[in-house]
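> Below, each chain spelled out in residue letters.
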Amino acid sequence: MRATITTRTTLPAALALLLGACQGAIGEPTGRTDPSDPSDPSRPVDPCADGACDPEDAIPALGSAYPRLSHGQYENTIRDLFGLSETPGLTTGFEDDPSGTTAFDNDSTVLQVTPNLWQDYQSAAEVMASRVIEDAALLGRLTDGLPADEPDRTQAFVERFLGQAFRRPATDDEVRQFVDLAAMAPSHYPEVPEATGRVALVVQAALQSPHFLYRDEWGDPDGDGVVELTDYQLASRLAYTLWDSMPDAELLRAAEAGELTRGDGLRAQAARMLDDPKAEGKIRTFHRKLYDLSHYEDVELDGFPAGIGRTLRAEAERFVEDVVLENDGGVRELYTAPYSYVNADTAPLYGLDPADFGDELVRTELDPSQRAGLFTQPGFIASHDGDTAPIHRGIFLNLYVLCTELPPPPVFDPPTLEGTTRRERINSITGPGTCGGTCHGEAINPVGFPYETFDDFGRWRTEDNGQPIDAAAAFRFEEGTVGFDGPVELAGAIADSMNAHRCYAKNWLEYAFGRPVQLGDSPVLQSIATQSRDEGLSVKEILIQLVDSTLFRTRRVDAEEASE
Amino acid sequence: MTAPKKKKTKTPRSPFSRRLFLRGAGTVALGLPFLESIGRFGSKAKAASGDESFAIWLRQGNGVAQEGRDEPERFWPSATGRLTRDGLAGETGRATSELADYAESLLMVSGLRFAFPGNGCGHSGGGNQCLTAARVSEEPSGNESLAMGESVDNRVARELHPEREPLTLFTGRKSGYLPEVMSYRGPMDLRAGENDPWNAYMRMTGLTGMDVEVVNRIRQRRMSVNDLVREQMGELLSRDLSVDDRRRLDLHFSSIRDLEVLMSCRLPEMREMEMEGIDPLSSGNYQVVTRMHMDLIATAVACGYVRSATLQLGNGNDGTQHVIPGYRGGEELPRFHQISHRIYSDGSDGPPIEGAQEMHHEVDKMHLRLFRYLLDRLSEYTSESGGPLLDCGTACITNDLGHGVSHTYRNVPFIFAGSLGGNLNVGNYVDARASAGDYVSHNKMFNTVLSAMGIRKEDGSLVDDFGDASLERGFVPEMIASDAPDL
Chain U
1 MRATITTRTT
11 LPAALALLLG
21 ACQGAIGEPT
31 GRTDPSDPSD
41 PSRPVDPCAD
51 GACDPEDAIP
61 ALGSAYPRLS
71 HGQYENTIRD
81 LFGLSETPGL
91 TTGFEDDPSG
101 TTAFDNDSTV
111 LQVTPNLWQD
121 YQSAAEVMAS
131 RVIEDAALLG
141 RLTDGLPADE
151 PDRTQAFVER
161 FLGQAFRRPA
171 TDDEVRQFVD
181 LAAMAPSHYP
191 EVPEATGRVA
201 LVVQAALQSP
211 HFLYRDEWGD
221 PDGDGVVELT
231 DYQLASRLAY
241 TLWDSMPDAE
251 LLRAAEAGEL
261 TRGDGLRAQA
271 ARMLDDPKAE
281 GKIRTFHRKL
291 YDLSHYEDVE
301 LDGFPAGIGR
311 TLRAEAERFV
321 EDVVLENDGG
331 VRELYTAPYS
341 YVNADTAPLY
351 GLDPADFGDE
361 LVRTELDPSQ
371 RAGLFTQPGF
381 IASHDGDTAP
391 IHRGIFLNLY
401 VLCTELPPPP
411 VFDPPTLEGT
421 TRRERINSIT
431 GPGTCGGTCH
441 GEAINPVGFP
451 YETFDDFGRW
461 RTEDNGQPID
471 AAAAFRFEEG
481 TVGFDGPVEL
491 AGAIADSMNA
501 HRCYAKNWLE
511 YAFGRPVQLG
521 DSPVLQSIAT
531 QSRDEGLSVK
541 EILIQLVDST
551 LFRTRRVDAE
561 EASE
Chain D
1 MTAPKKKKTK
11 TPRSPFSRRL
21 FLRGAGTVAL
31 GLPFLESIGR
41 FGSKAKAASG
51 DESFAIWLRQ
61 GNGVAQEGRD
71 EPERFWPSAT
81 GRLTRDGLAG
91 ETGRATSELA
101 DYAESLLMVS
111 GLRFAFPGNG
121 CGHSGGGNQC
131 LTAARVSEEP
141 SGNESLAMGE
151 SVDNRVAREL
161 HPEREPLTLF
171 TGRKSGYLPE
181 VMSYRGPMDL
191 RAGENDPWNA
201 YMRMTGLTGM
211 DVEVVNRIRQ
221 RRMSVNDLVR
231 EQMGELLSRD
241 LSVDDRRRLD
251 LHFSSIRDLE
261 VLMSCRLPEM
271 REMEMEGIDP
281 LSSGNYQVVT
291 RMHMDLIATA
301 VACGYVRSAT
311 LQLGNGNDGT
321 QHVIPGYRGG
331 EELPRFHQIS
341 HRIYSDGSDG
351 PPIEGAQEMH
361 HEVDKMHLRL
371 FRYLLDRLSE
381 YTSESGGPLL
391 DCGTACITND
401 LGHGVSHTYR
411 NVPFIFAGSL
421 GGNLNVGNYV
431 DARASAGDYV
441 SHNKMFNTVL
451 SAMGIRKEDG
461 SLVDDFGDAS
471 LERGFVPEMI
481 ASDAPDL
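Those protein sequences? They're chains U and D, same order as listed. Going by the working numbering, the residue at position 472 of the first sequence is 472; the numbering climbs one at a time, nothing skipped. Going by the working numbering, the residue at position 75 of the second sequence is 75; the numbering climbs one at a time, nothing skipped.
Derived from the structure by calculation, the hints contain no laboratory data. This structure is a prediction, so every number in the text was calculated from the model and none was measured. From the three backbone atoms N, C-alpha and C, an ideal C-beta is built for every residue, glycine too. Hints may be right or wrong, so weigh each one.
[What the hints assert, rightly or not] So the derived list for chain D, only partly shown, Cβ under 7 Å to chain U, looks like this:
1. N199
2. S224
3. V229
4. Q232
5. M233
6. L236
[What the hints assert, rightly or not] Beta-carbon label-pair distances, calculated as ranges:
7. D173(U) x Q321(D): 56 to 66 Å
8. D96(U) x R247(D): 18 to 28 Å
9. R239(D) x D96(U): 22 to 32 Å
10. R247(D) x T285(U): 24 to 34 Å
[As the list claims (entries may be wrong)] Stretches of chain U that chain D covers, calculated by requiring three or more beta carbons in the stretch to come under 8 Å of a beta carbon on chain D:
11. 84-97
12. 175-181
Kindly generate the complete structure, drawing on both the sequences and the hints.
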């Protein structure tokens with residue numbers, strides 16, 4: 001379950017959170033504790049704890065030897081394995097996966113095959129086998145170029161298909177297993193030609209094989225409990241990191257040639273793959289999930305067309321595409337760019353004349369004194385609305401943009417909000433001198449109040465309930481306490497902070513690697529965050545640096561695995 | 001200015017039709033006739049022996065409209081003691097009157113409480129404890145808190161059909177805030193609930209509706225494929241693995257075996273078509289979907305597919321806008337969670353909802369009528385020994401709060417139907433405080449039910465230690481029939 005506090009939060013919960021006693025160190029990196037057993041003598045400490053930090057100091061991460069494909073990865077893999085034009089939709093009815101501890105749906109620490117999901121896998125494999133039988137073009141693609149006669153034909157098909165499905169060459173034993181299975185086609189598929197039945201049977205079994213459903217990262221650890229991934233394991237890890245799908249032919253060729261474990265081979269492949277449309281999908285999905293853009297669709301605004309929420313989501317997604325994919329931008333641009341995409345429906349939210357716009361969202365320069373980046377867009381503002389909006393916005397930014405550790409909320413009886421402006425009402429129970437002052441005074445409210453320059457629709461305003469807006473606040477970033485007045489200055493302060501750049505890199509690591517961040521990741525995150533803040537690292541370069549790190553090339557085993 | 005309002009959205013259904021899915025499973029389908037050759041389904045259920053017991057748990061959220069916070073009693077019967085059809089039916093002001101037809105099979109238990117406080121969210125903390133009697137996690141907290149122990153449905157499944165997980169169903173659209181809360185495999189291991197009855201049915205029946213010849217061929221193919229997959233899984237399991245990886249692969253391995261037990265139970269074709277066509281996420285279909293889930297549960301239990309099932313009615317803080325036929329002209333009521341707070345707010349500050357107490361009472365009645373529907377379905381089956389199937393097991397409707405407004409964990413209702421082979425004191429409304437003198441932690445209720453089902457500890461003694469280890473052991477004597485054969 002994602003730990004987001006947005007308008008989905010009930011008032012008591014929001015107030016409970018806002019009155020939490022701050023025990024965490026605000027402004028420090030999130031740095032989840034390592035999931036390994038505390039009694040394990042090999043349990044790592046934060047390599048950056050003493051301040052000095054080099055990416056080479058990163059400690060290989062504990063991780064599964066067999067991370068399961070997420071449902072999205074399964075869909076994409078089927079698409080690419082069979083050369084389909086789009087994902088087949090097989091997972092629509094699959095059993096939901098449990099939520100992990102990241103903001104994403106691919107946390108390998110919780111993905112498993114339950115009886116229900118096994119049944120889903122079985123049914124989906126049978127559907128694909130059925131499609132192979134019924135779709136002559138699909139069957140033709142799978143069997144193109146094979147020898148005409150048996151047994152060479154089946155042998156060649158099995159070797160080729162498994163080489164793709166397993167993301168590595170099949171072993172002799174595996175080929176024998178599948179060839180033997182294919183030989184049962186006359187009894188198992190008597191209603192179709194034997195050659196077709198052989199292909200269908202192999203497909204049906206391959207899609208249920210653990211070598212298809214899991215990524216194989218198993219290997220013999222060295223004396224420090226570290227497994228160096230092989231070329232094929234790296235190819236698989238790289239493909240699912242950047243594409244959420246299987247390696248393509250070029251990547252498998254590079255793996256076969258041993259290029260991924262030599263020199264800049266891995267980096268070169270990553271750069272190539274990031275220019276592929278499949279990487280664009282991964283990048284879009286990351287931002288949609290991290291910033292909860294789907295939630296914008298729930299917004300309805302009185303006086304605006306039905307479906308305005310969808311438009312607000314589309315605006316945010318188009319903005320991200322513009323920044324990240326079309327202009328090679330980075331964190332600073334995402335959080336401060338003074339433009340967005342506007343159409344006739346949303347123009348009034350920006351104080352613009354709708355007559356100047358049509359249905360299509362078009363890039364529009366906005367008033368730079370009012371707008372800067374994603375979080376001054378109406379979608380963010382309107383999806384965190386109501387009397388506790390500053391709290392919701394402040395919590396969101398703390399959790400997902402700054403990665404501030406917020407303590408758990410206490411159980412309490414919510415007090416009554418009192419005051420004229422919204423800021424005054426919230427301050428009445430969370431401001432300095434109140435029991436909620438510590439957490440809210442220092443973390444939540446400071447990054448929530450600057451947005452009081454917007455009404456709940458996301459329109460600029462100068463008064464709240466007849467009183468002038470007070471949008472000034474200060475936040476203690478890693479670099480020190482920074483004051484700001486209004487959302488634009490706040491956006492600049494965020495973009496100048498290590499907090500935001502490390503948080504962004506940390507979230508990418510969790511999504512790209514499909515696991516929660518660990519303490520040993522700190523050197524890599526620190527390096528990327530520093531470059532991102534000081535040199536304006538692009539999002540694509542952030543990804544390249546992640547995959548070109550020790551963290552990516554290795555896996556650490558736990559004491560149990562090492563001792564067996 | 002009016003605050004922005006949330007919009008209801010409809011989740012798109014599968015891009016391929018479910019009939020196609022069935023055909024896909026069969027490959028070049030030959031039609032969808034009844035899979036009777038391997039079925040045990042029928043009007044007769046399995047043999048009436050000790051292994052016929054079952055337990056079904058329904059959970060409504062937001063508490064019930066019972067006495068508390070200066071509100072009158074609208075839920076429980078007016079007095080403890082013997083329940084009769086006429087007596088219950090006469091108490092029209094009490095929600096439990098809806099169950100009058102089953103008075104002789106009912107065991108209503110008041111005076112139970114959850115033992116542990118929540119951790120920042122009353123609903124989540126209640127849901128965590130509802131079927132677990134376990135502590136609420138320190139981290140995560142708030143609406144994300146989790147139970148620190150397994151739930152009773154999991155214990156039953158683990159003991160009585162370890163090859164198959166308990167049936168875990170959910171009515172309604174899952175919110176991102178607090179969706180399912182009921183079923184736990186173990187500490188902090190929450191099991192997802194299936195909110196589409198058709199998906200659940202497909203999983204349960206596997207290959208329903210196919211020609212026997214086709215089915216046999218499919219079974220042969222599956223066996224051959226499974227042999228291959230098992231060999232590969234065995235090779236992986238022979239390697240050095242971490243504890244977590246071994247656990248995951250073991251689960252996978254056992255899941256393969258589990259599915260080999262093909263399910264043959266089937267609902268009438270008309271019901272299948274209705275189920276296939278329903279939008280399970282629409283709040284307007286809340287009651288229809290709930291009844292479909294109940295059809296599945298009754299069928300699954302009658303066929304021996306599972307002996308443990310849960311059905312969660314609505315989200316953790318259920319915000320369904322109910323429509324109750326015949327009540328208020330069939331208008332859509334305010335969000336149930338807000339009704340339970342008596343104000344137009346999910347918090348503590350908002351304009352009052354006129355008639356909220358009565359609305360809550362009507363929602364309680366609606367849920368009890370749905371519970372009665374489940375009892376109707378279960379009553380259609382007799383055991384092979386000729387007795388009512390309902391007497392072999394028990395179905396319980398409960399809540400994760402006692403009273404909606406206060407979010408109290410005291411006097412959480414537990415209403416059972418079915419005597420578990422004569423072990424439960426059915427036909428009575430009892431107060432667990434009668435012998436204890438104070439509220440009784442509901443772990444003792446679970447101990448009573450588990451033991452009545454024939455489940456025993458490793459040393460062969462009655463189960464008296466379900467739930468958190470710190471809780472006092474024991475039973476609820478008021479729940480045990482005077483002539484209980486097994487207790």
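> Are the hints correct? Go through all of them and say.
Tested hints:
no., hint, verdict
1, N199, "holds (5 Å)"
2, S224, "holds (6 Å)"
3, V229, "holds (5 Å)"
4, Q232, "holds (6 Å)"
5, M233, "holds (6 Å)"
6, L236, "holds (6 Å)"
7, D173(U) x Q321(D): 56 to 66 Å, "holds (59 Å)"
8, D96(U) x R247(D): 18 to 28 Å, "holds (20 Å)"
9, R239(D) x D96(U): 22 to 32 Å, "holds (29 Å)"
10, R247(D) x T285(U): 24 to 34 Å, "holds (29 Å)"
11, 84-97, "holds (count 7)"
12, 175-181, "holds (count 3)"
No hint from the list above goes unmet by this structure.
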